[in-house]
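**Q** One letter stands for each residue in the lines below.
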Amino acid sequence: MGAKTLLDIRNLSKEFKVSGGRTLKAVNDVSFSISEGETFGLVGESGCGKSTTGRTILQLYNATEGEIYFNGENIIKMNKKQKYALHSDMQMIFQDPYASLNPRLTVTEIISEGMDALGMYKGDKSGKYDRVLELLNKVGLKKNHANRYPHEFSGGQRQRIGIARALAVKPKFIIADEPISALDVSIQAQVVNLFQDLQEEENLTYLFIAHDLSMVKHISDRIGVMYLGKLVEVSESVELYDNPLHPYTQALLSAIPIPDPKVEHSRERIVLQGDVPSPMNPPSGCHFRTRCAHAKKECESMIPQLKEVEKGHFVACHLY
Amino acid sequence: MSKLLEIKDLYFSFDTFQGEVEAIRGINFEVNKGEVVALVGESGSGKSVTSQAIIGLNPMPPGRYKQGSINFDNKDLTSISEKEFQKIRGAEVSMIFQDPMTSLNPTMKIGTQITESLIKHQGMSKSEAKQRAIEMLGLVGIPNPDKLIYSYPHQFSGGMRQRVMIAIALACNPKLLIADEPTTALDVTIQAQIIELMKGLQDKLHTSIILITHDLGVVANIAQRVVIMYAGKIVEQGTLNEIFYESRHPYTWGLLESVPRLDSKEHGRLASIPGTPPQLIDPPKGCPFAERCEFAMKACIEEFPEETTLSSSHKVSCWLEDPAAPTVERPVQSGGHV
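Taken in order, these protein sequences are the chains called A and B. Quick note, the first sequence lines up with residues 1 to 320 if you use the UniProt record's numbering. Quick note, the second sequence lines up with residues 1 to 338 if you use the UniProt record's numbering.
No wet-lab data here; the hints were simulated from the structure. Some hints could be false.
[Stated by the list, open to error] Distance condition first, Cα-Cα at most 30 Å in a straight line; then the derived DSSO-like pairs of lysine-lysine:
#, chain 1, residue 1, chain 2, residue 2
1, B, Lys-33, A, Lys-262
2, B, Lys-3, A, Lys-262
3, B, Lys-285, A, Lys-143
4, A, Lys-125, A, Lys-170
5, A, Lys-142, B, Lys-298
6, B, Lys-120, A, Lys-262
7, B, Lys-298, A, Lys-262
8, B, Lys-120, B, Lys-130
9, A, Lys-142, B, Lys-315
10, B, Lys-130, A, Lys-262
11, A, Lys-262, B, Lys-204
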C-alpha cells in the first residue's frame with residue numbers, strides 16, 4: 001500500500017476480572033496495523049473480542065498488556081490529559097442507534113458535545129452552529145433536523161446523527177462498532193455508501209467491526225478474523241475470500257448464505273459442530289482445535305503464531 | 001399440492017391514540033402442504049403482524065380485523081373464539097421466535113417446557129410426555145437429552161436454546177410452523193447449523209413452514225416460494241427462481257441489489273434504495289413504494305396497482321406491468337451476476 005501506518009497494535013491483551021477471582025482474556029496477544037486512509041475490517045462471532053479490541057484502542061478500557069501506537073506515539077503510556085486530547089483524532093460510532101444518542105438532547109446539542117468538550121469553537125456560537133449544519137448536510141440530513149430530538153428519527157437517520165457526532169471533531173480515525181447491524185437491509189446500503197463517501201472526502205481511516213462478512217468484505221481493504229480473543233487470520237479482503245487459509249475462516253465463509261438460489265443449492269457447506277467454547281476457559285494450544293476438522297496433536301500443546309504465509313496474508317495455524 | 005393455509009384479502013388495523021395504523025392492507029397468499037414460504041420485508045412491512053394473525057397472537061384490541069379471511073384447514077381463523085384458538089395454537093400451528101434468549105421460560109426446566117403442550121394438547125401422561133420430550137431433544141441434535149431435560153434455559157447457549165425452541169414447536173407435530181427470524185440473533189456458524197436442522201426436519205416431518213426473514217441468503221437456501229411485503233401490502237410473490245432471477249417489482253430489485261455479494265470482486269457503491277418506508281398511520285393512496293422508486297409515474301402516486309398474474313405462482317403489483325407503461329429493464333447486478 002505504501003501509505004503511512006496510522007495505527008499499530010502490538011501484542012495487545014485485555015483481561016477482565018470476573019467473580020471468583022478468575023480472569024477472562026477477552027483479547028489475547030493481538031497485533032495488527034492500519035495504514036492511513038485504509039479500512040480494516042474486524043470480524044468474528046459474538047464473544048470473540050472484536051468490540052473489546054475496538055474499545056481498548058479508544059482507551060475506553062485500559063489494556064492489560066501490549067502497545068498501541070497511533071501516529072507513532074504509544075497511547076497507552078500517555079497521561080490522562082493527552083488521552084483526552086486524543087479523542088479529536090479518534091472517534092467511535094456505536095451499534096445501537098437507539099441507545100447511543102441521549103434522548104434529552106437535541107441533535108445540535110448531541111453533535112456539539114464533542115466540540116465543546118475539546119474546546120473547539122469556544123465563544124463562537126454561530127461558528128459552531130454553522131459547523132453543525134455543515135455536518136448534517138454532509139451525512140444527508142436537513143437543516144431543520146438540527147433542533148429535533150432523537151426519538152423523531154428513524155434508525156437509519158439516527159445512525160447518521162451518530163456519524164455526524166463522530167465527524168464533528170475532525171477525527172483521522174473512526175472505529176465503527178457494528179454500525180449497520182441494527183438497520184434494515186435497504187437502509188444498511190445507504191449507510192455503507194455514506195461511510196465510503198465520507199472516507200474519500202475526509203481522508204478517514206476506519207476500523208470496521210462487524211459480524212456480517214459480506215458487508216465487511218464490501219467495505220474493507222484488509223480484514224482480520226478473530227476467534228476467542230485471538231487474531232487467526234489477516235489478509236487483503238478479496239484474497240481472504242478467494243483463498244481463506246485458516247479452517248475457521250473457511251467455515252465462517254461457507255456458513256454465510258448467498259442470496260442466489262443456484263449458487264446456494266450447489267455449493268458445499270462446512271458446518272461447524274458445537275458452540276464456541278467459553279472464553280473463561282479456552283482450549284489449550286490452538287483455541288479452535290475443538291471444532292476443527294484438521295486438528296492434530298501439536299494443536300493441543302502449541303499456540304500457533306500469526307505468520308506470513310503469502311505476501312500480506314497472515315495466518316495462525318499449524319497447517320501452514 | 002393441496003392448500004393448507006389461504007389468506008384472502010386480509011385487512012388488519014391497530015387503533016392507537018394517534019389514529020388507525022393500517023398494518024395489513026389487503027393481502028392474498030397461500031401455503032401448500034409441506035411447503036416452505038418465505039415472508040420478506042423490512043421492519044414495519046407487516047410480516048410479523050401477518051404471522052401473528054395466523055397464530056392469534058395479535059393483541060385485540062387494539063388490533064382488529066377489518067376484512068378478509070384466514071383459512072386454515074377449513075377453519076376461518078379470523079372468526080374463531082380464543083378458546084378454539086387455544087386448541088390450534090401449539091398443536092396445529094406453532095411458532096419459533098427470533099430471540100431464543102427471551103422466549104423460553106427461565107424458571108422452568110427444559111423438559112417441562114416441552115411436555116407442557118404434549119400433556120395439554122395430546123392428553124399424554126407425564127411419563128409418555130417425558131419420553132416424547134427426550135425423543136424431540138434428540139431429534140434437534142441436543143446431546144444427552146435424557147439428562148438435559150432437567151436443565152434450565154440459562155445453562156444453554158443461544159444456538160442450543162433455539163434448538164430447544166424448535167423441539168417445543170414441533171413436539172405436537174404441527175401442520176404449520178411459523179419461524180419469525182429464527183436465526184437473526186445467532187452467529188453465522190450457528191445459523192448454518194440451525195438452517196441445516198430445519199431443512200432436515202422439514203424433509204422428515206413434511207411440516208409447512210412460513211419463514212419470516214430479511215436475509216435473502218437464508219431465503220435462497222431454504223425457501224421454495226417467496227412473498228415480498230412492503231408497507232402492509234404484498235408487492236410481489238413467486239417461486240424462488242421467479243423472485244431471484246425473474247423479479248419484476250422495483251422494490252424486489254432494490255432488495256436484491258442492496259446486499260453485497262460475497263462472491264463479487266467489486267468494491268463499488270451498493271445500489272441503495274433512497275428514503276425510508278412510509279408511516280402506516282396515514283398510508284399513501286397509491287403504491288407505497290412510489291416515493292422511493294426510480295421508475296415512479298403519475299399513476300403510481302394516485303392508485304395502488306392491481307395484481308398482475310405472470311404465471312400460476314408469480315404475481316406482481318406494479319404499474320410497470322400496465323400495457324401503457326414504458327418497458328423497464330431490471331438494473332444489472334452491481335456484484336456481477338453469475
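**Q** Does each hint fit the structure? Answer for all of them.
**A** Now the hints, each set against the structure:
| no. | hint | result |
| --- | --- | --- |
| 1 | B:Lys-33 with A:Lys-262 | holds, 24 Å |
| 2 | B:Lys-3 with A:Lys-262 | holds, 27 Å |
| 3 | B:Lys-285 with A:Lys-143 | holds, 29 Å |
| 4 | A:Lys-125 with A:Lys-170 | holds, 18 Å |
| 5 | A:Lys-142 with B:Lys-298 | holds, 26 Å |
| 6 | B:Lys-120 with A:Lys-262 | violated, 43 Å |
| 7 | B:Lys-298 with A:Lys-262 | violated, 37 Å |
| 8 | B:Lys-120 with B:Lys-130 | holds, 13 Å |
| 9 | A:Lys-142 with B:Lys-315 | violated, 38 Å |
| 10 | B:Lys-130 with A:Lys-262 | violated, 42 Å |
| 11 | A:Lys-262 with B:Lys-204 | holds, 23 Å |
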